[in-house]
Amino acid sequence: MSTDTFPRLEVRGLATSFATDGGRIQSVADVSFAIRAGETLALVGESGSGKSVTSLSLMGLHAKTSQAQVGGEAWFVRRDGVRVNLLALPEAQRRALRGNEIAMIFQEPMTSLNPVLTVGEQIAESVRLHQGLDRTAAKAHAQRMLELVEIPAARQRVDEYPHQLSGGMRQRVMIALAMACQPTLLIADEPTTALDVTIQAQILALMGRLQKETGMSLLFVTHNLGVVAQYADSVAVMYAGRIVESAPVHGLFAAPSHPYTRGLLACLPGVARQRSRQQGESGTQGGRRPLLAAIPGQVASPLAPPPGCAFAPRCALRTDDCDAAMPPLSGEGARRVRCLHAEEAVAA
Amino acid sequence: MKPWQAVLLRLFSRKVVLASAVLLTLVVAIATVFPWVSDADPGAISISERLQAPSATHWAGTDELGRDVMLRIVHGARYSLLIGGLTAAGAVLLGTLMGMLAGFFRRLDAPLMRLVDAMMSFPDILLGIALVSILGASLWNVMLALVIVYTPRVARVVRASTLVLRELLFVDAARALGVRTHLILWRHVLPNLVSPVLVQLTFIFAYAILAEAGLSFLGVGVPPDIPTWGTMIAGSLESSDKAFWTILYPGLAIVFTALSLQMLGDGVRDLLDPKLKKAS
Amino acid sequence: MTFMLKRLGGAVLVLALVAILVFALTRLASGDPVALLLGDQATAADIEAARTQYGLDKPLPTQFALWVGELMQGNLGQSLFLQLPVSQALLERAEPTLMLAVLAVGIAALIGVPCGMAAAIWRGSAGDQALSSVAMLGASVPSFWLGLILIQLFAVKLGWFPASGYGDPDSPLSERVQHLVLPALVLGLLNSALIIRFTRASMLDILGEDYVRTARAKGLPEHTVMVKHVLRNALVPIVTVLGLTLALMIGGTVVTETVFNLPGVGNLVVRAVLRRDYPVIQGTLLVIAAVYVFINLAIDLLYTVVDPRIRLEAK
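Residue numbers (the numbering used here), protein chains in the order written: chain P, -12 to 335; chain F, 1117 to 1396; chain L, 18 to 332.
It should be emphasised that the hints constitute simulated quantities derived from the structure, not laboratory data.
You may find that some hints are simply not true.
Label-pair distances were calculated between CB atoms; the ranges are [unchecked claim]:
| no. | chain 1 | residue 1 | chain 2 | residue 2 | range |
| --- | --- | --- | --- | --- | --- |
| 1 | P | ALA127 | F | ASP1386 | 43 to 53 Å |
| 2 | L | LEU101 | P | MET97 | 35 to 45 Å |
| 3 | F | VAL1149 | P | THR52 | 16 to 26 Å |
Taking lysine-lysine pairs in the DSSO-like style, the calculated list, with each CA pair at most 27 Å apart, reads [stated by the list, open to error]:
| no. | chain 1 | residue 1 | chain 2 | residue 2 |
| --- | --- | --- | --- | --- |
| 4 | P | LYS199 | P | LYS126 |
| 5 | F | LYS1118 | F | LYS1131 |
| 6 | F | LYS1131 | P | LYS51 |
| 7 | P | LYS126 | L | LYS174 |
| 8 | P | LYS51 | L | LYS174 |
| 9 | F | LYS1358 | L | LYS174 |
We put the CB at the ideal spot given by N, CA and C, even for glycine.
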């Protein structure tokens, strides 16, 4: 691994807060990670863990009415080689990167496309803006993009409207839209959550293929561990707005350090089956159906966070010093963990 | 803090809403209390003092019969507010009933809404004119006519809300428990209609005051001997060229009151908006 | 196709109801037009004869049936007082009212749509609150009062515009339009209040949609997002409201017509009501409602053209 080239994206201490009726909420804090060229980082967590907020903060797409305050640094290497801090860029420069070098696809393909414009036009306008193509060339490019994402009959589809396409097709259009200007970084915020399982697999395979072909980096936000195992190079687990563990994918699944990560993995039905099979072999309860493990308790409200570690109220390894203060991110290299009892978790 | 106290606190957190509520209360208070407190006769005719410009003695001047305009405005407030309030109350009552029935009982929906459509295909004022001509021109008849004019509006809004509420889980749950329909309507649907209905109430109050003024101006409204703000303007038309204040101030009273009512309604609607959004 | 047929069927049903309502409203009014028509000198016998002549002695349901029969043939009846067919009376009065309505809606749109857009874009700011307050002010002003003020200011004091009337019927349109400036201003200003509120609401609705976020994620400049993505979607309901406002102005302008003494449709109706000129009242009210219903229908048709989703469903 070359250490003298910068990662394509390096995030340091990203923190985002919003104004709400109940006061200012710190949605995300102390988030740091890095993605190298061609790499896929999976950002994993349950609903409300702050993973979507993280991606929107990087893109600068928070609604003005939410009065978002974003702190920290996000160092991005542009195509021209210049390394810029996204969060400190003036809006005009940021807009030049959006849809061009950094693209994003969203969770809801059904509502993410403008209903009164054709699919082709929505792709073409991005290309006209960033690459200066004229209308004819842009439309031709749009058609090529539709073919690239394996939409059949692309020539007809280019003039069709979003509602004439199925959910899976619309997500392919979103991918085509995102890829139209050959971005070097793609942020995918739960792109397959709203789709059927069979379509999910197709879309993921498509994204994997495109990534290999173009060498772009991918920040993949998801709550689906199965997808993570198959497609990610490294993983960052988020809980209550902070990263609690990050590691290369194999390492994370083989030996999770944080109690939350362990809990998540234990919840997988496959793991439960495996456990019951082991128990069955050792001759205890044979023939009984495996029980799914669950992490007890609930995520605390962001308006009333626990004094120390956010996971402590639900953790089996909790001690008093866990409640004293938020544990720092410890560890070296690619493996980091935010837990005072990380070694015990590994050993257990 | 009790829930209703929290609600009021949120409602009045916007200064504009608070200001309009205060001013409205002031207007209502003055209108009600004044005739008891002062024995000044608003109808006192004094030809020698006719058409005097506003001064220290006559704050809004005098009209063509020498009556003090300000005094008449205060006196007229009772009638205009009465018309506005009772019309709004009546339209809201009838409209809510109609809308609830249409929204809840599928078979009643189409006929009731066709009736509403038919009634709303006329401009309000024309319908008002036609109705007053049937009923005859009197204070109560004008109110009745305006109630009929504004009921369809309320019915539409209530029906829309009822349709949404009907699909919500707790209505199904109540039905599954065997609760009788009229109880469902009374206990579950109606309380949730309070929000949109309240908003309509304030706006119809304002519209009714404006409509009455228009009808009286045309001569098909309240009989001219009843001093509503509308009849005041109608009566002073002839002398308006020379004495514009006879028209200006009663008009300002209308604008003032209608504006305060709408601000209040807007504040109520903003307050209840998130709830409405959740319901939809 | 079935979609359009269903809408047409609904419209016909509503019109049928309107016809019944109109007839009922007209005939329920007490007072005898014939007595009024013939004047004080008429004897009871004269009145009876006149009633038979106008067909007013027949039972009401029969009169209704006869009237509907005439309607089917396109005949709106004959005015009792004007010695004119109702349709002709309407046509003569149509011009000032239509022109006034179009001018007023134009002014309302020109003021209302940009202000509503601005209010939505600056949501929550002082500008938004100011615009919303102005909109509310517009909805609180009696039209005749504003009309009188404008007359006093611009016609009497400044002499820029004529104070009333519609001018010589033979004069060119450009001159007659002068008479419409002040009344159009009154109606335009007052209706812009509604348009501001509606535009703002419609824009806010669209601004919250996911595809606006997608547009921004593409790096599009804000003005492109606002116009090409937001406004285009927000415009549809706005145009609807403008169309319906126009429809309601036919006859809804009665107060303004009275203030400015314009020989329009509203004026016609009021006079007819006061005199119990049944055919005119019935015919005019029916036409006014029919115009509203058909503009409604036309707007739905327009939707199929503008909104691709409906277009393809309708097919």
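Exercise for review: Please name the hints from earlier in the document that this structure breaks, with their numbers sorted from lowest to highest.
Suggested key: Violated: hints 2, 3, 7 and 8.
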